[in-house]
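If you want the building blocks of each chain, they are given just below.
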Amino acid sequence: MSPVIGVLAIQGDVREHAHCLEQSGAQVRLVKTVEQFQGISGLVIPGGESTTMSILAVKNNLLEPLRELRTKIPMYGSCAGLIMLADHITDGRSDQETIGGLHITARRNAFGRQVDSFEIDLAIPAIGAPDYHAIFIRAPLVESAADDVEVLAAIPAANSLTNSDQIVAVRQDNILATSFHPEITSDLRIHDYFVEMVRSA
Amino acid sequence: MATDATTGLTGTTRVKRGMADMLKGGVIMDVVNAEQAKIAEDAGAIAVMALERVPADIRAQGGVARMSDPDMIDGIIKAVSIPVMAKARIGHFVEAQVIQSLGVDYIDESEVLTPADYINHIDKWAFTVPFVCGATNLGEALRRINEGAAMIRSKGEAGTGDVSNATGHIRTIKGEIRRLSSMSKDELYVAAKELQAPYELVCEVAEKGALPVVLFTAGGIATPADAAMMMQLGADGVFVGSGIFKSGDPVKRAHAIVQATLHFDNPDEIAKASRGLGEAMVGINVADIPVPHRLAERGW
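Chains as they are written, first to last, in my numbering: chain A, 1 to 201; chain B, 1 to 300.
Hints should not be assumed to be uniformly reliable.
As the list claims (entries may be wrong) - Computed spacing ranges between beta-carbons, pair by pair:
hint, chain 1, residue 1, chain 2, residue 2, range
1, B, T114, A, T90, 27 to 33 Å
2, B, C203, A, R189, 25 to 31 Å
3, A, N159, B, G175, 45 to 51 Å
4, B, D265, A, T90, 35 to 41 Å
It is worth saying that the hints were derived from the structure and are not from the lab. Given the structure is predicted, the values throughout are model-derived calculations rather than measurements. Beta carbons are placed, not taken as given, at the ideal position from N, Cα and C, and that holds for glycine.
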């Protein structure tokens, strides 16, 4: 049985996530109302603009239902999705609301503006070799993470100009989050990993 | 804002086109100062376009329209956390260099400004920052993509509040894509010749049934229903220029257009968003504008 996984369709690269999830063996439903949450067994929060997603989630009375849903089913957020799942944000709007639940502090646009967006190969042991070619677009960074958060990937200090590892993929129980965008590549391993999380939840 | 640079590769086609993917389903609003930029951000705009005069004023005041003052663009970058775009004149690669150096997230090589070169567009591959360009038909869109545009917007007729050209241009582009998809392989050579577009790009569109980049629509969108219609016609998102800040109640209208774009396929929600918005921008019928004064005619 292939699980039904929702993609939050407020804004962003919804279609790309839907395509990857289907390739990874899930049935996909685009969701933007509470009624559509019924019957999904996992949810992806896509890349996009976290400010917009947050404002529209509040205005359309989706934030509380999303928080409740988060306690029940696995969720995966890429880029803006990572910010939406983070407990704390820095460099965001002071009033920016998130779904929360992921015990991290995310720093928005941590790598700079669009001219600083980049591609880089990342070692991600949880999905095996070879390295994952990751695309970062005005990406956030996991600035700090609680002890119950497992770090899946970091840009090593040697490749960053800051002399410290930069955390860019994490898992905490049934929450998965990446700073980068696997949905705009053809490497399905991150989506495979999430579909497996949903299957075994 | 502190930034953590890496040794990763910047300015690639993937990060340029990918940036536009993240804008999908959103509304990009023209703003002329920091205060308007805040209104746009608060309403849920996906990005703002910083420019000195909205198209309706450019049209009314006449004269040469150029890139905005860097101080004004800086002020807007500082005021909001969402992406900031800015316009360069068609072919004016130095305006584009200046805008890139300001840290703008996307450059619009725009027919709304007075062209700086009536033969060549900017070589957009030469830049790290991505470009969006206008198009009235598929051939024009593919020529811009061939020059490095990472996003296309159908032109419509800016500064009018008359949606008819926006409708015409998005229908034309979508229709031409459908036509290519139905062709056999050996017909694509002639199709490329007729579209005056590179054969490889024509084949890619025929196979995919879509442009290789994101397609927004622009030029004359003034109401929530206008925005929703563009989305139903297959646009990935909308630009709203004069339609918001030339209306009676910009705050309400900005919110309403964002809501209608989100719920574009739900008439009940569009109806709700359309209530009590006050005056829409007065507008000009495109048919009343002599052809030489139509902005959509600029670019080739």
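These are the hints, each one checked on the structure:
no. : hint                         : in the structure
1   : T114/B to T90/A: 27 to 33 Å  : 42 Å, violated
2   : C203/B to R189/A: 25 to 31 Å : 30 Å, holds
3   : N159/A to G175/B: 45 to 51 Å : 47 Å, holds
4   : D265/B to T90/A: 35 to 41 Å  : 36 Å, holds
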